[in-house]
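For this one, chain F is given, so just place chain P on it according to the hints.
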Amino acid sequence: MSGPSKASRIESSVRHGVLIVLALVFTTPFLWLLSTSLKTNEQIVQSSPDWIPRPATLQNFLNAFHTVPLLEYGKNTLIVTLFSVLGALCSNTLVAYGFSRIQWRSREFFFIITLATLMLPFQVTMVPLFIMFSKLHWTNTFLPLIVPCFFGNAFYIFLLRQFFLGIPRELSEAARIEGASELKILWHIILPLARPALFTVALFQFLFSWNDFIGPLIYLNDQSKFTLALGLANMQSAIGLSDFGMIMAAAVVTVLPVILLFVFTQRYFIEGIVQAKVSS
Amino acid sequence: MKPKIGRSIRPELKGLLFVSPWLVGLLWFYLYPFVASLYYSFHNATAFGPGAFIGLRNYELLIRDPLFWKSLANTIYFTAGSLSIGTVLALSLALLLPKNVRGATAYRTIFYLPTVVPFTAVSVIWIWILHPQYGPLNHLLEQLGLEAPGWLSDPTWAMPGLILVSAWSIGNMMVIYLAAMLEIPTELYEAAKLDGASPWQRLIRITIPLLTPVILFNLIVGLIGGFQYFVQPYVMTNGGPADSTLVYSLYLYRNAFQFFRMGYASAMGWVLFLLILAGTVLVLRSTRRWVHYRG
Chain F
40 MSGPSKASRI ESSVRHGVLI VLALVFTTPF LWLLSTSLKT NEQIVQSSPD WIPRPATLQN
100 FLNAFHTVPL LEYGKNTLIV TLFSVLGALC SNTLVAYGFS RIQWRSREFF FIITLATLML
160 PFQVTMVPLF IMFSKLHWTN TFLPLIVPCF FGNAFYIFLL RQFFLGIPRE LSEAARIEGA
220 SELKILWHII LPLARPALFT VALFQFLFSW NDFIGPLIYL NDQSKFTLAL GLANMQSAIG
280 LSDFGMIMAA AVVTVLPVIL LFVFTQRYFI EGIVQAKVSS
Chain P
6 MKPKIGRSIR PELKGLLFVS PWLVGLLWFY LYPFVASLYY SFHNATAFGP GAFIGLRNYE
66 LLIRDPLFWK SLANTIYFTA GSLSIGTVLA LSLALLLPKN VRGATAYRTI FYLPTVVPFT
126 AVSVIWIWIL HPQYGPLNHL LEQLGLEAPG WLSDPTWAMP GLILVSAWSI GNMMVIYLAA
186 MLEIPTELYE AAKLDGASPW QRLIRITIPL LTPVILFNLI VGLIGGFQYF VQPYVMTNGG
246 PADSTLVYSL YLYRNAFQFF RMGYASAMGW VLFLLILAGT VLVLRSTRRW VHYRG
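Protein chains in written order, with the numbering used here: chain F, 40 to 319; chain P, 6 to 300.
Everything labelled a hint here was simulated from the structure, so no lab data went into it. None of these values were measured; they are calculated from a predicted model. Each hint should be verified, as a subset may be incorrect.
[Said to hold, decoys possible] Coverage of chain F stretches by chain P, computed from C-beta distances (three or more under 8 angstroms per stretch; other residues unrestricted):
| # | segment |
| --- | --- |
| 1 | 98-105 |
| 2 | 160-167 |
| 3 | 195-204 |
| 4 | 259-270 |
| 5 | 289-299 |
Every residue, glycine too, gets a C-beta built ideally from N, C-alpha and C.
Chain F on its own, in the form it takes in the complex (with noise of 0.2 angstroms):
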């Protein structure tokens, strides 16, 4: 009986091997960047590249703060994230709800329609969109950033919608047959039963927003109203090669948000990532 049992310990610690190797290789740009942010000018321009940050020091990060308004991109990102998942919440619970827990005749139409705007890129939009918020004033605000989210989503819609379907219908006859409304079923029924879908889609949304590059692109001029994603994209133009430490200290401040958040929630995360798209 040795030899498979000694065959699979083989195989297993082949596998681990190969599994470590490649962890290294994807966590190295990572450490590379926290490595640079913490080293002098003169230890990053060294001709052979060194790992460990010698003097290490936050130097960076004082310059970075100092030169950019990095605090403003900050704050201007946690608003534009913030009201963007109020909106996703608000509006997509309310649409799945009608798309999954209300039987109406062209439920089924509306929600195929629903579907096909997963196929529109959003370069085929983007002109008419960007004038008619012109034509607005909203250009240079957050509101083409945030209104939009208030207005439901077709990922979204979707997501919340099979986690409803799958919500036993006798639950809501039951309270129907007692007079509630359906407003009063979504609240104290679909929703308190329904959080782990909820918290999936407040995750989606706020890396969503806090990620976005071509939206705050577009629609912001003034320095003082971009997003991290945007000032830091702002910053390597502007600073480019002069200044490695510097960007790679304001890199680590918009990072490393989104990492932590995803380390202590990677399980809805993935778990909504499935849902979605393999019942696509």
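Coordinates of chain P only, in the frame set by chain F:
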């Protein structure tokens, strides 16, 4: 009669009422701009409005624009490169990570992490890693005795550089393969083992064929994403050197927001839409030959 009508109208109204925010959003942010961009594409539009009607002129100019063709070729180059490398890498990672491997969650988190950070951050990190002189990658290549390319500063190597960067962000693909693999019944493998099938045969005869529907899904998503590829070439190379990384979306963006040729950019947008549609149909058509549907 009356109560019957009441009963049939009420759910209709209730349904529409609940989905009404989205119906407004659908009209306002999708249907209107979708149709308006077709309208603009027949006009000499600027940032201020549609301007004069010029028929198919924008499309004629597009066909004669060498940069249009160049950006299209670059986009196909990028999409083909990143999709093939990404598919192989994501599939391999998923195959290495069945659920019972110790530390599977930790590995999955590590491989997924690059996918959640902003693309602008990915861009600045990799500008630095690919730096020909001070970057760690070329240092490693030199130590291995290999030729160290100029990466983003060399027209031949800039696009391979961007494809390499894209291979870092394959988390979504990997997670979808992982989920699909969990759905393959274990009895299939046990039966194959009893028949004396080697691990390699099990991979080629069972796992891969049963994954083909998901590979198809990832191909279509990747195709749509590839045609919209924008942030990394915008930040890392700004389309250069010598337009070697000028991708379709970047050229469209330039026409719209740097040259303010809104009509021309709208025409590019519609061509993009039709190309994605055609690409998807083409992939779907080929499926009969290689996609295996269960049951």
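Hints, verified against the model:
Interface restraint, the segment 98-105 of chain F with chain P: violated (0 residues with C-beta to C-beta distance below 8 angstroms; minimum three). Under a criterion of three residues with beta carbons nearer than 8 angstroms to beta carbons of chain P, the stated coverage of the segment 160-167 of chain F is upheld, 8 such residues being counted. Here the segment 195-204 of chain F counts 1 residues with a CB under 8 angstroms from a CB of chain P, which misses the bar of 3, and the coverage is violated. With 3 residues carrying a beta carbon less than 8 angstroms from a beta carbon of chain P, the segment 259-270 of chain F meets the three-residue requirement, and the given coverage holds.
Counting residues of the segment 289-299 of chain F whose beta-carbon sits less than 8 angstroms from any beta-carbon of chain P gives 5, enough to reach three: the coverage restraint holds.
Checked against the numbered hints above, the structure violates hints 1, 3; every other hint is satisfied.
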